[in-house]
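Asks: In order, the protein sequences belong to chains L and A. Under the numbering used here, read the first sequence as residues 264 to 575, first letter to last. Under the numbering used here, read the second sequence as residues 264 to 575, first letter to last.
A portion of the hints provided could be inaccurate.
Pairs of lysine to any residue residues, derived as SDA-like cross-links and limited to a Cα-Cα distance of at most 25 angstroms, are as follows [unchecked claim]:
(1) L/Lys442 - A/Lys392
(2) L/Lys360 - L/Arg385
(3) A/Lys392 - L/Asp503
(4) A/Lys309 - A/Gln272
(5) A/Lys392 - L/Lys392
(6) L/Lys471 - A/Ala401
(7) L/Lys392 - A/Ala465
Not everything, but these chain A residues come out facing chain L in the computed CB check (under 7 angstroms) [claimed, not checked]:
(8) Ser329
(9) Gly382
(10) Lys384
(11) Arg390
(12) Arg453
Residues on chain A that point at chain L, a partial pick, calculated with CB under 10 angstroms [said to hold, decoys possible]:
(13) Arg385
(14) Tyr387
(15) Ile388
(16) Tyr391
(17) Tyr418
(18) Tyr420
(19) Arg458
(20) Ala465
(21) Glu543
(22) His555
(23) Lys566
(24) Leu570
Hint data in this document are derived by calculation from the structure and do not stem from the laboratory. Ideal placement from N, C-alpha and C gives every residue a C-beta, glycine not left out.
Protein chains: 2
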Amino acid sequence: MATIIAPHQFSPVEDAEALRKACQGWGTNEKSIITILGHRNATQRKQIREAYEQLYQEDLVKRLESELSGDFERAVYRWILDPMDRDAVLANVAIRKGSLDYRVIIEIACIQCPEELLGVKRAYINRYKRSLEEDIAAHTTGDLRKLLVALVSPYRYHGDEINARLAKSEADILRDAIKDKALNHDEVIRILTTRSKAQLIATFNRYKDDSGTSITKAVLGDRADEVSVALHTAIRCINDPIKYYEKVLRNAINRIGTDEDALSRVIVTRAERDLRQIKELYYKRNSVKLEHAVAKDTSGDYKAFLLTLLGD
Amino acid sequence: MATIIAPHQFSPVEDAEALRKACQGWGTNEKSIITILGHRNATQRKQIREAYEQLYQEDLVKRLESELSGDFERAVYRWILDPMDRDAVLANVAIRKGSLDYRVIIEIACIQCPEELLGVKRAYINRYKRSLEEDIAAHTTGDLRKLLVALVSPYRYHGDEINARLAKSEADILRDAIKDKALNHDEVIRILTTRSKAQLIATFNRYKDDSGTSITKAVLGDRADEVSVALHTAIRCINDPIKYYEKVLRNAINRIGTDEDALSRVIVTRAERDLRQIKELYYKRNSVKLEHAVAKDTSGDYKAFLLTLLGD
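Chain L on its own, in the form it takes in the complex:
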C-alpha cells in the first residue's frame, strides 16, 4: 500500500500555475513545491507536467532542476518522472557510476513484474538510444556481467502456476552449486534468471525444507565477492521485496553519513506502492518509526519532502 496522500479532485492547470509562481521571482518557494508535488500520484503529476508545458512552453522537469539543488533536487526530479522513466534514469545513473551500483539494476530486474521491466527497457531505449542490456554489458565484465545481463533480459512467466517437481530438482542444483562454491555456474544463472517469481519462491522454500538453512544465508556464507553479493541481492529481491527494502533503508540510515541516494530511491520508488508495509516492518525491526529515523538523519527541504512522501 501507498503512503502518499493524493486528493481525488485536483486541477492540473491550477497546480501548474502554482508551481510556476513558486519558481518565479527572488528565491524559490520550496514549501509550495513540496505541498503540491508530494501530494500527487503518478497520473496527476503527468497531467501537471502536460498542463505546465502547454501553459508556458517550458519543461517543468528542467525548470525544477534549475531551481532546486542537492539531494532535494535529485529526489524531486526522480519523483516527478513517470515511474518507468524514473527507473530508466536510476539504472543509467547506476551504470555510469565509476563502479556500477548493481543493486539498482537487480531491484528493477527482480522486483518489477515482467511488463514493468519491459516498460523500463522501452523508456531506457527512448532516452538513451541504446538498450539497457547493452549498456550493462558494456560497463561490466566476467561473471557479474553474465548475471546482470541475464537478470534484466528475459520476459518471465508471471502467473501463479508452479511445478513442485521442478522446485525440488532445481533446489538440488542450487544446493550442489553452493556446496561446490560454483555460484557462477550456468545452471544457477539459468534458474534464477528464467524461472518465474512464483516458481523461484517454491524452489527457495524447498531449499530451506531440505537443507534447514535459507538459501539467502547459504549463498552468502563467508563470501563477499561481487557475484555472491549480487546473487544474494537478487534472491532477496525475488523472495521478499518488503524485507529487502527495509534492510536497504536501515543500512542507509544507520551507516555513518546517511546514504541519501539509497534513502531517496526507496522512498521515491515505493511511496505509491508498498512503502506502508516497508514502514510497518521498519518499526517492528527497529522500534523506531521510519519517519522519525528519516527526520533525524536529514534536514531542510529534503527532509520535508521525504516526510511528505512517507505520508507524515
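Put chain A on the given structure of chain L with help from the hints.
Replies: Using the frame of chain L, we list chain A on its own:
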C-alpha cells in the same frame, strides 16, 4: 511485400458460413477452404475465427484440425493463427523435437523486430504457462543454450542510430574470436545478442572491409559444430533475411525428399510480409520460378494451398 491477394471488402459471417459448409457432410471441401482462407489477411482471418465462434460456438481452428490432415493440415493450422501466436507454436514445436530445431528459434529472435519478438514471448506464456526463455534453457545445454537463451532474451534498441567507433572495435573483437576459434566466447555472445540490428550490420560491414572476407563465411570456416552453425544462422538472419529465407527454401526443395516443415514455415510466415522479394531472389538464383519449383515438389491440397499463398 506480401504475396497473398486479399479482397478489400469481405464478410466474416459469410466466410464463416462457407467454411462451416465446407466442413459438413460427407468429405471436406478443401478447395473451398483454400479459396477462402488463402485469400484473407491476418486481421480478416481473425474476424472469421471470431464470427465462426459466435455463429457455431465452435473453435474454427480445432474444427479444421479435425477435418484436414498431413502437411496440408499443418500449413492451414499455422496460417489461421495470429502471427505471433503462430511463432509461439512454431517455437514450441521446435523445442519439443527430439533434437531442437534451433533455426526456428533463431529466425524468431533475429528477424522479428523487438516488439514482435516480445509479442511472441507473450503469446508463448499465454499458451504454455512458461516463458520461451525457460523452455529453451530446459531443452538445451552448454554453449548452444547460452547462445539461444541470450538471443531470445533481450529487448534490443530498434532505431537507426549507429556508433561507427563501436562497430570498428567490436568487429575487431569478433575477428579475434574467430581467429582463436573461440566462438563460444562471452564477448561474441554479448555483441550478437545485445546490439541493435543496425549496429550489428555496421559491425559486419566493418568486418568485411577490414578483413576482406564476410563474417558469415569466416564464422563457419570448416566448422560444423552446433554453436558455429547456430551463430552462422543468427548472423545471416540479422544481415539479410531475404537471402536467408531464399536459401532455406532452396535447401528444402533441392534435398532428396522435400523438407515440408521448412517449406510451409517460410511460405506461411512470410506470405504477408516479404515473400515477394524472396520469390524474386529465388528466381534470380535458380532460374526457376519458386511457384514452379513448389508445384513440382508438392501435390494435392497442400500444393494448391501453398501456391495460393504464393499469389499464383
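Asks: Evaluate each hint against the coordinates.
Replies: Hint by hint, here is what the structure shows:
Our distance criterion of 25 angstroms between C-alpha atoms is broken by L/Lys442 and A/Lys392, whose separation comes to about 32 angstroms. Between L/Lys360 and L/Arg385, the direct Cα distance comes to roughly 22 angstroms. Compliance with the 25 angstroms bound is thereby established for this hinted pair. Distance restraint check for A/Lys392 and L/Asp503: the Cα-Cα separation of roughly 23 angstroms lies within the 25 angstroms cut-off, and the hinted pair is therefore satisfied. At most 25 angstroms may separate the alpha-carbon atoms for a hinted pair to count; A/Lys309 and A/Gln272 meet this at roughly 15 angstroms.
Note on A/Lys392 and L/Lys392: the hinted pairing is violated, with a Cα-Cα distance of about 32 angstroms set against a maximum of 25 angstroms. Straight-line distance between C-alpha atoms of L/Lys471 and A/Ala401 comes to about 23 angstroms, which keeps the hinted pair within the 25 angstroms bound. For the hint linking L/Lys392 to A/Ala465, the alpha-carbon distance of about 16 angstroms falls within 25 angstroms, and the restraint holds. For A/Ser329, the shortest C-beta to C-beta distance to chain L is roughly 28 angstroms, which exceeds 7 angstroms, and the interface hint is violated.
The beta carbon of A/Gly382 is not positioned within 7 angstroms of any beta carbon in chain L (closest approach about 10 angstroms), and the interface hint is therefore violated. At a threshold of 7 angstroms, the smallest CB-CB gap from A/Lys384 to chain L is about 4 angstroms, leaving the interface hint in force. Restraint check, A/Arg390 versus chain L: the minimum CB separation of about 11 angstroms is more than 7 angstroms; hint violated. Hint on A/Arg453 holds. Least Cβ distance to chain L is approximately 5 angstroms, under the 7 angstroms limit.
With its C-beta approaching chain L no nearer than about 7 angstroms, A/Arg385 sits inside the 10 angstroms limit, and its interface hint holds. The interface hint given for A/Tyr387 holds, since its Cβ lies 9 angstroms from the closest Cβ of chain L, which is under the 10 angstroms cut-off. The beta carbon of A/Ile388 comes within 5 angstroms of a beta carbon in chain L, closer than 10 angstroms, and the hint placing it at the interface holds. For A/Tyr391, the interface hint holds, since its Cβ comes within 10 angstroms of a Cβ in chain L; the closest pair sits about 9 angstroms apart.
A hinted interface residue such as A/Tyr418 counts as satisfied when its beta carbon comes closer than 10 angstroms to some beta carbon of chain L; here the least separation is about 4 angstroms, so the hint holds. Of the supplied interface hints, the one on A/Tyr420 holds, with its beta-carbon coming within about 5 angstroms of a beta-carbon of chain L, less than 10 angstroms. Checking A/Arg458 against chain L by beta carbon gives a least distance of about 6 angstroms; that is within 10 angstroms, so the hint holds. Here the hint on A/Ala465 is broken, as its CB sits about 14 angstroms from the closest CB of chain L, past 10 angstroms.
The restraint placing A/Glu543 at the interface with chain L is violated, with a minimum CB-CB distance near 33 angstroms, outside the 10 angstroms limit. The beta carbon of A/His555 is not positioned within 10 angstroms of any beta carbon in chain L (closest approach about 42 angstroms), and the interface hint is therefore violated. Using the Cβ-Cβ criterion of 10 angstroms, the hint placing A/Lys566 at the interface with chain L is not satisfied: the shortest such distance is roughly 38 angstroms. The beta carbon of A/Leu570 comes no nearer than 37 angstroms to any beta carbon in chain L, farther than 10 angstroms, and the hint placing it at the interface is violated.
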